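Participant: Spelled out from the first residue to the last, the chains are:
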Amino acid sequence: MTDATVKAVPEALADGEIVAPSPREEMRRRAKSHIGLIFGGSIVTLVTLIAIFAPILAPYDPYDQDLTRRLIDPVWKTGNWANILGTDALGRDYLSRLIYGARISLMVGFGAAAIAGTVGSLIGIIGGYFGGRVDSVVVYLINVKLALPGLLIALSLVSIVGGSVGALVLILGFLTWDRYAVVTRSVAQQLRGNDFITAARAVGASQTRIILGELLPNVMNQIIVIASLEIAIVILIEAALSFLGLGVKPPEPSWGLMIAEARNFMFFKPHLIAIPGFAIFLLVIAINMAGDGLRDVTAPEGRN
Amino acid sequence: MAAPDNIDAPPILTVEGMSVDLKVPSGMLHAVNKIDFSVRPGQTFCIVGESGCGKTMTSLALMRLLPRSAKLSATRLNFDGHDLLSLSDHAMAELRGDRLGMIFQDPMTSLNPVYTIGNQMEEVYLRHRKSGRREARERAEFMLQRVGIMSPALRLKQFPHQLSGGLRQRVMIAMTLMCEPRLVIADEPTTALDVTVQVQILQLLTKLQEEFGMAIILITHNLGIVARMADRLAVMYAGKIVETGSALDVFTQPHHPYTQGLLRCMPTHDHGAPATRLGSIPGIVPSLVGDIRGCGFANRCDYVRDACRTGDIALRELPDGAAYRCVIPPDEALARPAELATP
Amino acid sequence: MNMQPKTQQSPATQTPAVEIANLSRSFQVGASLMSKGKTLRAVEDVNLSVKRGEVLGIVGESGSGKTTLSRMMLGLMKPSGGSIRIDGQNITTIGRSELSRKVQPVFQDPYSSLNPRKTIGQIISLPLETHGSGSREERTKAVEEMMLQVGLAPRLIHSYPSQLSGGQRQRVAIARALMIRPEILICDEPTSALDVSVQAQILNLLKDLREKFNLTYIFITHDLGILEFIADRVAVMYMGRVVESATAWNVMNAPRHPYAEALLGSVLTPDPKLGLPDLHLGRGFPDPLNPPTGCSFHPRCPKAMPQCSANAPRTTRDEHGLVECHLYPEGASK
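As given, the protein sequences belong to chains A, B and C, one line each in that order. At position 264 of the first sequence (counting the first as 1) the number is 264 in the working numbering, and the numbers step up by one without a gap. In short: position in the second sequence from 1, add 304, done, that's the working numbering. In short: position in the third sequence from 1, add 647, done, that's the working numbering.
Calculated directly from the structure, the hints in this document are not laboratory data. It cannot be assumed that every hint is accurate.
Said to hold, decoys possible - Within a straight-line C-alpha distance of at most 27 Å, the following computed DSSO-like cross-link-like pairs (lysine-lysine) qualify: (1) C:K725 / C:K749; (2) C:K725 / C:K698; (3) C:K685 / B:K461; (4) C:K950 / B:K511; (5) C:K920 / A:K32; (6) C:K854 / C:K788; (7) A:K77 / A:K269; (8) B:K327 / A:K32; (9) C:K765 / C:K788; (10) C:K683 / C:K725; (11) C:K698 / C:K859; (12) A:K269 / A:K249; (13) C:K920 / B:K511.
Claimed, not checked - Only some residues are given here: those of chain A computed to face chain C with a beta carbon under 8 Å: (14) A202; (15) G204; (16) Q207; (17) R209; (18) L212; (19) E214.
These figures come from a predicted structure and were not determined experimentally. Glycine residues also receive a C-beta, built at the ideal position from the N, C-alpha and C atoms.
Just chain A, with the same shape it has in the complex (with noise of 0.2 Å):
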């Protein structure tokens, strides 16, 4: 340990100057920059601060019935502003149907996603990371579910047990979880090649740690857009099971639901079918739209 030892330390000091932004800053500027996300982005949140603050927003109790009050037109028809969507056939109050039917279909949505996107991503994670025989577990896993067809078990499933959301969201859950495996399981496969997971095991590190705390991480990005757009093909799903009379049961305001009991009036009060169903529409483009966009944002020259 001489004057060179000394020396060593400036010497390298003297490039502590960083380089390049890091990799949050690089995301938050092509973010801002993405017309998509923005609109897709703000869309959701809306509808999401919407569903949130359902009570407050929604001029009246969405499950009153008025029958004096039926099949009012909306304002700009000949309705009036006292119920700016007008009333369905019970008499209930069209848009704070609406306001609350956000919620189940953000519910749904989003907690279908979670419950998929968890055993998802675990799965394949587990698979990718171990490989050999537990991989071999996890591909037949995946081909099985591959193999299902999803939406006829969830008609049957929801036909037994009952449409309530909590059924809902369990059943498209587990119905939903593939994708995350798939996606996952080859990231984990290349990210475990890696010497970071190598130094971490050297390290003394758990496995449960490398998985959490060093695969995850690197995970997030791709869960996160799967989820996203999986969160719209839910959304989609419970509406088609609502229609179909297999969802969430009347009263609840589901959209589904609501274009299912404005069948009858098609022809004369066309609204009733119009409204929700754009609503549908307007939420899952805006999602599809966000989730593009994240793909986008996190795109792998990103993640340097």
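Put chains B and C on the given structure of chain A with help from the hints.
Facilitator: Relative to the frame of chain A, chains B and C by itself:
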């Protein structure tokens, strides 16, 4: 070291004021900044520098294989009578693989894994020479023999993954030489190979150069390779050529502080007691985005002075076509290594 | 955290830091339900001993088994035969956590050895978190001190690996390895992905840290030129076997095995007066799944004799070290 330095022959490649600018989110990145050099037939010209100095961009620019976001400009860019700047994409594609060959670092990724060696070698020949399959096959067999591959007929039927790294690089060289190019650009051709194989491949390149008389531009970060292979060389730093000259001149009498620093970093092997400490260059390469004022090396240089930070640094000419880009005059520059040896 | 360097205990100097005896490791390649596949002998009958505070250089080309050897010494791979003793204790009897306090790795590629999603501070403190040492503040303090030791500005603690240069990243990797004060550092080509000027910085740093922390290095590389600078002793590996082992000076100045000679010849010093060396090596690179009979180097060896292809050479040990070649028959070295 290879062919004699035929100073009189007209250059096969002349590069004057060549720049490559890349568009990046934070602005314009000047990857290559107004470089000049020329290569004569049969000559080995080495471009040496560390990562990010612009040497790979230079080679891609010469092949016109730059990424789309890059802008190439030059006052003169002449190869064998062709103006590389104005040549159409089609004419350029005709030139590549025919008169202008390229050898890449990783032979695994530059050979297509789904075609046999024979297929790929013949394809090059069929494309540039109007010949039959049989002639192409014979040519491929001949070239494989020239690069020292035993039983070429058998190898032609094999796929790239069936060969070892050294063999693949030999195949790559054979493929590049199919049409007897006048100039071969080799970008780190031996970096992915084992050290003993590296020497063998370099020897092969030298031997083939004598046989076919082509010029070679060898791009590498390895000073040892440069010293042993180069007739002339250019040291690049931060997109600029900071020193150029014959290998003998530059290695025995380096003038630029960066060249001197690089040479001090090499572990020496002189059958004596090994050095207790290696020389090193403090700091890191400056960002090449935006306008660069003065010398790019100024922040890492031990001899920096005020003149280094303003304006363009002029090239100082030395005898025998050598030159270096520094504000310090030659006699003072040469006095330095001795002064450093006894601190 | 005890930030003071360990003081050398005199009795401990008697036991070697690492002792490897008859170590082998083979892999089954292409095994399926129907066939057993072929056996790849990655490491075969390796004997090495590293004294405390010594730097052992292991040199060899790709496929020589040096990386398999390093993984076994890190306890990440079980030997098929033979033993590794760390401080006299068999590695199989040392627990994962205890072993990690003794042996730590530094890898070749500073781009894949750091988790891109974590900050420098998180990366360097991982060993402390894993071993549950200290409070959060103590850990941060220890990280900052270690960053200074390896020449990193502490303000980089919140940046991500992608923001650092190759040399800075390698310093982070070294800092992480040193956090739990290991005795032995296994450096697997720690500078081959770096530029020349940065390589010199890292080699100098490793040399300083070795004195400061009284470390033992096992330094794996393909570049004999680096070893002259850093290593005390050198083991030359070829196809899984140690074919020569001697002091660095002996290997660099009087190599005995023809392969060691070829490796030395391949070191290209920047001397423009010298041309390319002639190695006289055969080109037939052996297939590790079908190793040649006799001495595995004989197809490439310029000095091959008839007996080289017939039977494998015995190991000769003398005052110069160890060599495995028919040119040096046992007892004839004097």
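Participant: Are K683 (chain C) and K725 (chain C) close enough, with their CA atoms no more than 27 Å apart?
Facilitator: 20 Å, holds
Participant: With 8 Å as the cut and Cβ atoms as the points, is G204 (chain A) at the interface with chain C?
Facilitator: At 4 Å from the nearest chain C Cβ, G204 (chain A) passes the 8 Å test, so the hint holds.
Participant: Holds or violated: L212 (chain A) as interface residue toward chain C, Cβ cutoff 8 Å?
Facilitator: 12 Å, violated
Participant: Keeping to a limit of 27 Å between CA atoms, is the pair of K854 (chain C) and K788 (chain C) held or broken?
Facilitator: 24 Å, holds
Participant: Keeping to a limit of 27 Å between CA atoms, is the pair of K950 (chain C) and K511 (chain B) held or broken?
Facilitator: Given that 27 Å is the threshold and the Cα spacing comes to 24 Å, the pair holds.
Participant: With a cut-off of 8 Å on the beta carbons, see whether R209 (chain A) makes it to chain C.
Facilitator: This interface hint holds because 7 Å falls under the 8 Å limit.
Participant: If you take the shortest Cβ to Cβ gap from Q207 (chain A) to chain C, is it below 8 Å?
Facilitator: 11 Å, violated
Participant: Between K920 (chain C) and K32 (chain A), is the straight-line Cα distance small enough, at 27 Å or below?
Facilitator: Judged against 27 Å, a Cα distance of about 58 Å means the pair is violated.
Participant: For the pair supplied as a hint, K920 (chain C) and K511 (chain B), confirm whether the alpha-carbon distance does not exceed 27 Å.
Facilitator: 18 Å, holds
Participant: Just to be careful, I want the Cα atoms of K77 (chain A) and K269 (chain A) compared with a cutoff of 27 Å; is the pair within it?
Facilitator: 11 Å, holds
Participant: Take the C-alpha atoms of K685 (chain C) and K461 (chain B), compute the straight-line distance between them, and say whether it is at most 27 Å.
Facilitator: Roughly 25 Å separates the two Cα atoms, so the pair holds.
Participant: With a cut-off of 27 Å on the C-alpha distance, tell me whether K765 (chain C) and K788 (chain C) pass.
Facilitator: Cα-Cα ~18 Å, so holds.
Consistency with the previously given hints fails for numbers 5, 16 and 18, ordered from lowest to highest.
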